[in-house]
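Line by line, the protein sequences are chains A and B.
The opening position of the first sequence corresponds to residue 1 in the numbering used here, with each subsequent residue numbered one higher.
The opening position of the second sequence corresponds to residue 1001 in the numbering used here, with each subsequent residue numbered one higher.
The reader is advised that the hints may include incorrect statements.
Claimed, not checked - List time: in silico DSS-like cross-link candidates among lysine-lysine, alpha-carbon distance up to 27 Å:
1. B:K1057 - A:K3
2. B:K1071 - B:K1009
3. A:K99 - B:K1057
4. B:K1009 - B:K1057
5. A:K3 - A:K54
6. A:K54 - A:K69
7. A:K99 - B:K1014
8. A:K111 - A:K52
9. A:K99 - A:K111
10. B:K1057 - B:K1014
11. B:K1071 - B:K1057
12. A:K99 - B:K1071
Said to hold, decoys possible - The calculated label-pair distances, taken between Cβ atoms and stated as ranges, are:
13. A:D11 - B:E1105: 23 to 33 Å
14. B:K1014 - A:N25: 44 to 54 Å
15. A:T21 - B:T1007: 36 to 46 Å
16. A:K3 - B:P1061: 14 to 24 Å
17. A:D67 - B:Q1017: 51 to 61 Å
18. A:S41 - B:N1070: 21 to 31 Å
19. B:D1056 - A:S9: 41 to 51 Å
Calculated from the structure, these hints are not laboratory results.
Yeah, the Cβ is synthetic: ideal placement off N, Cα and C, and Gly gets one too.
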Amino acid sequence: LAKTTQPISMDSYEGQEVNITCSHNNIATNDYITWYQQFPSQGPRFIIQGYKTKVTNEVASLFIPADRKSSTLSLPRVSLSDTAVYYCLVGSRGAAGNKLTFGGGTRVLVKP
Amino acid sequence: NAGVTQTPKFQVLKTGQSMTLQCAQDMNHNSMYWYRQDPGMGLRLIYYSASEGTTDKGEVPNGYNVSRLNKREFSLRLESAAPSQTSVYFCASIGTGRDTIYFGEGSWLTVV
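Just chain B, with the same shape it has in the complex (with noise of 0.2 Å):
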């Protein structure tokens, strides 16, 4: 019962350097999420898609996009890194009719 996988766990990147974090659920769910969460801070939503084929704008989408590849699986990309995007990223889904987010555990991205 793996919920929601998100990889890398760990990650270190030069400013300009690109690299996609990976998204996974196996609980069919229809709508998939990205946060970042700096230090001390909560939850902020990058980017997010409601169905499979659709994706959205959440606060913070400037230096990132974003593939929903299938029902399964959410990609977030980060083409140029910036040190500014030193953070945690959390990966989400919900599904239709239920009321419980689940998160991932996290994907630890530093930026030098």
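Chain A extracted, bound-state conformation (with noise of 0.2 Å):
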């Protein structure tokens, strides 16, 4: 899997929208780029993934420029529950079988 890094940690406030980036200058032609979201004491889930430009699904945007070096995750319009720590992992698609690791992921913190 492709090196990432992302900020250690993050404040925000209700209402506002948060915007993490990852940076991943080795990725692959055949990596696609993921994003977890793990709440405390949960294991954690599936966000979102994408391969080059924007994908939006009903929780997040994926923000992938052309050279695909690096990509942003965009929270809109974050709650008190979306606190949490956000990982972003890169690796090919059918990534089963390989050595997955996670990076220290984003903490984020969003005040009333």
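Could you use the hints to bring the two separately framed chains together as a complex?
Following this line, the structure appears as structure tokens:
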């Protein structure tokens, strides 16, 4: 898997948009970018995945520039319940069997 | 629709005792993983099994052994528990061709 770099932590306020950028300079041609969310005392869960340009679902948007060396997870109008750790993973589709390692993630604290 | 099931959820051990954490998935996934997460830290890979009959070391394998009993089950054994192994343990699985990692709810282990 490509090495990723994320900010350690971010603070925000309810109703604001939170953008978390992940750097992955060594991303390979067939790599996808996947984001996971982890609440305290729970296992991580899938949020969104993309390959290029923009992907949007009911939870978040993922922006990937043309060179794909970074990606930005955007959480619109966050609430207190969005306080969590967010992990960026980069790997090939069909990553099963790979040594899947997570970085430290980004701790997002949403304040009232 | 159980997904990934871990047992036990909580366990207290004395230093030097042994125990096995059990993990089972009902999604017919080929690959399974064991992670540990210390307080305030990210996930660290202990061992993984790319497919039934194979196991490989992750980032922090010392002090642990694993068994891929069959396609569904992947157990983690602590032969002689140490206080440094106090942590939350997560089991995860991913299927061939799929991109989403599914996590169990975690097992809280305290070694005194």
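Evaluation of the provided hints:
Between the alpha carbons of B:K1057 and A:K3 the distance comes to roughly 19 Å, so the proposed pair stays at or under 27 Å and holds. Taking the CA atoms of B:K1071 and B:K1009, the gap is about 22 Å. The hint holds against a cut of 27 Å. Restraint check: the Cα-Cα separation between A:K99 and B:K1057 comes to about 9 Å, which is no more than 27 Å; the hinted pair holds. A hinted pair counts as satisfied when its Cα atoms are at most 27 Å apart, and B:K1009 with B:K1057 qualifies at roughly 24 Å.
As the CA atoms of A:K3 and A:K54 are separated by approximately 21 Å, the hinted pair is consistent with the 27 Å bound. Taking the CA atoms of A:K54 and A:K69, the gap is about 14 Å. The hint holds against a cut of 27 Å. The hinted pair formed by A:K99 and B:K1014 fails the criterion: a straight-line CA distance of about 31 Å is larger than 27 Å. This hinted pair does not check out: A:K111 and A:K52 have alpha carbons roughly 32 Å apart, beyond 27 Å.
Of the pairs offered as hints, the one joining A:K99 and A:K111 is violated, with about 36 Å between alpha carbons and a cut-off of 27 Å exceeded. Restraint check for B:K1057 and B:K1014: satisfied, since their Cα atoms lie roughly 25 Å apart, inside the 27 Å limit. This hinted pair checks out: B:K1071 and B:K1057 have alpha carbons roughly 18 Å apart, not beyond 27 Å. For the proposed pair A:K99 and B:K1071, the alpha carbon gap of about 18 Å is at most 27 Å, so the pair holds.
For the hinted restraint 23 to 33 Å between A:D11 and B:E1105, the CB-CB distance of approximately 28 Å keeps it satisfied. Restraint check, B:K1014 to A:N25: a C-beta distance of roughly 47 Å satisfies the suggested window 44 to 54 Å. Separation of A:T21 from B:T1007 is about 38 Å and conforms to the stated range, judged on CB atoms against 36 to 46 Å. About 20 Å separates the C-beta atoms of A:K3 and B:P1061, a value consistent with the hinted range of 14 to 24 Å.
Separation of A:D67 from B:Q1017 is about 52 Å and conforms to the stated range, judged on CB atoms against 51 to 61 Å. Against the hinted window of 21 to 31 Å, the Cβ-Cβ separation of A:S41 and B:N1070 comes to about 29 Å, which satisfies the hint. At roughly 32 Å, the beta-carbon separation of B:D1056 and A:S9 lies outside the given 41 to 51 Å, and the hint is violated.
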